[in-house]
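J.: Join the two chains into one complex using the hints; note that each chain is given alone, in its own frame.
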Amino acid sequence: MGMVAPKRRSTGASVAEGVDGRPTRAVTGASASEWMEARPGGGARIFNDEMLVSPGGGAKADWTTGPYRLTLGRRPTPGSSAVAVPAFTLPDQGGRLWSLADHLDAGVVIVTLRGDW
Amino acid sequence: MAQRYQEFLDAGVRIVAVSVDAPERQAAMVAKLDLPFALLSDPGGDGLLQALDAYDPVERNGIGRPGVFVVAPDGAEAYRQVGRDFADRITEDELLAAARELDLPPTKQPPLTPGRPEPGPQAMPVDALLPYCRGARFAAKAMGMRHPQARDDADRYVAQMDRYRDAVRALRERLGG
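Same order as they appear, the protein sequences are chains A and B.
Position in the first sequence counted from 1, then plus 133, gives you this note's numbering.
8 is the number that this note's numbering gives to position 11 of the second sequence; each next residue is one higher, with no gaps.
Hints were generated in silico from the structure; no laboratory data involved.
The beta-carbon is built from N, C-alpha and C at its ideal position, and this holds for glycine as well.
Just to be clear, a hint being listed does not mean it is correct.
To be verified - Facing chain B, according to a computed beta carbon distance under 8 Å, are these residues of chain A, among others:
#1 P219
#2 D238
#3 V241
#4 R247
Unchecked claim - To give an idea of the chain B side of the interface with chain A (calculated C-beta under 10 Å), a few residues:
#5 S16
#6 G61
#7 A73
#8 V165
#9 A167
Isolated chain B (complex conformation) (with noise of 0.2 Å):
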């Protein structure tokens, strides 16, 4: 979502995005991944989350849940999609679709706030997200070939760790790393 964002704002809409996590994670997240975008603080989930339907109260004490929706200008939900589990998302072109069908004008993103980053102990550091991703897709692929009644999910999820990998490969780059 980061790397085609330019794609969201000329369909007309700017991304936020929402976790549990106190603003100095979020933080610590946005300059890891370079996003472009506000990550807001809902901890409790009870500012957003819940009302959402996308928080799991009984997981760690309570996280998100993954999700989008997508808000027209008249604060209707135009659409929203929440997932299963971290990797249950839609794709990045399912997204803009859904965006474009709002036929706004382009927009911009205002200038982001800067933070204090302090990442938490489960913060993975970007040389660890490669390996991550071929890992989860390994296990992804083997787990669909065990189970044919659960090929169609792995594959979706191998083609997620696709997507993942290559934007990791394409932040390691912008980072020069």
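If we strip away everything but chain A, and leave its shape as in the complex, we get (with noise of 0.2 Å):
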């Protein structure tokens, strides 16, 4: 499946399709519900916290089948309004206090992880 170039919404969201018109990216930068707004009619839902797509896009489709979740991003195109991190401050492992700040010399990955183990 090829892709294009992500589509702006009128929302700020913006969304990479396949050529298909297969959903299978969403830039983040918008919410679950901004996504939604930019499909009126159908074509995703909210389950479990996931947005999901239809293979079709359509209202008629059947989520049981084909449901394609869009949780990965894209930084939003230039011009566009980009989401910033917020700033934060948190103890390492060595209890020493690491923000983020201190590290936008460079790009910074954030890992979130459950936890309690």
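T.: Shown next, in the form of structure tokens:
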């Protein structure tokens, strides 16, 4: 399935869709509800806090056979309002405070874990 | 991720992980898995996890949700994925591709702060990780066969367990086990 450039939605959300119209990636920067607003009339729903879209993208989709998760995101296109990650400071494994602001001389990948191990 | 950390640094991004556990438990995890990046402590999730919508207040009285967030140097969120469960993670290749889209110069990891490791009662020893991966893989394979509508999901899970298994084997070799 080929990919085309992300489409801007009126809410600021944008979605990369496959050539067959099957959305496979959602731009975050939009909440699930925003994304739903961007697709009035169906084609997507929220299930267990996940955004699902039907393969055909229509309101009569069979949600049990072809849901595709839309949790993967891409950076909003230039000119759109990017979502800023909140500034935060937390203790590391040694108890020393770690601040995001101190590490933005580079990019940062934040990995969230379940914990309680 | 730990295994391929140099590739992330070469792409100009550092990794930091966050969970609800106390620093002593994070220190135990860093030591056990020989992690090259910091683990931050966010009990209650109000320091970051809640703001990222990566916190489940119900399960176990509040734990994190598995996710990844790529942050550009201007503080903008460049990429995010929040999974449904502990095994619902994107691959390192996907994450690296997202990181490389930032087009940043290589960076380095500052030295990690040493901690005082105190594993929690549920912490799984390294020797238990391989049989755990095998069992989880087997169960996912069986569920995918029983429920064709879930086959794609099961296959992704199986592939994930294979990656975990390979990572555990590499870890054991590194630790001389």
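J.: Is the hint on A/P219 kept, meaning its closest Cβ partner in chain B is under 8 Å away?
T.: Result: holds, 5 Å to nearest chain B Cβ.
J.: Next item in the hint list is B/S16. Is there a CB on chain A closer than 10 Å to its CB?
T.: At about 3 Å, which falls below the 10 Å cut-off, the nearest Cβ of chain A leaves the hint on B/S16 intact, so it holds.
J.: Does the interface hint hold: is B/V165 within less than 10 Å of chain A, judged Cβ to Cβ?
T.: violated, 15 Å
J.: Should the hint that B/G61 touches chain A count as held when the rule is a Cβ pair under 10 Å?
T.: Holds: closest Cβ of chain A sits about 5 Å from B/G61, inside 10 Å.
J.: If you take the shortest Cβ to Cβ gap from B/A73 to chain A, is it below 10 Å?
T.: At about 4 Å, which falls below the 10 Å cut-off, the nearest Cβ of chain A leaves the hint on B/A73 intact, so it holds.
J.: May I ask you to test the interface hint for A/R247 with respect to chain B, counting a Cβ-Cβ separation under 8 Å as satisfied?
T.: holds, 5 Å
J.: Checking hints one by one. Is B/A167 an interface residue toward chain A, by the C-beta closer than 10 Å rule?
T.: B/A167 check fails; min Cβ-Cβ to chain A is 18 Å, beyond 10 Å.
J.: Under the criterion of a CB-CB separation shorter than 8 Å, is A/V241 in contact with chain B as hinted?
T.: At about 4 Å, which falls below the 8 Å cut-off, the nearest Cβ of chain B leaves the hint on A/V241 intact, so it holds.
J.: Would the hint on A/D238 stand, with a C-beta cut-off of 8 Å toward chain B?
T.: holds, 7 Å
Checked against the numbered hints given earlier, the structure breaks hints 8 and 9 and satisfies all the rest.
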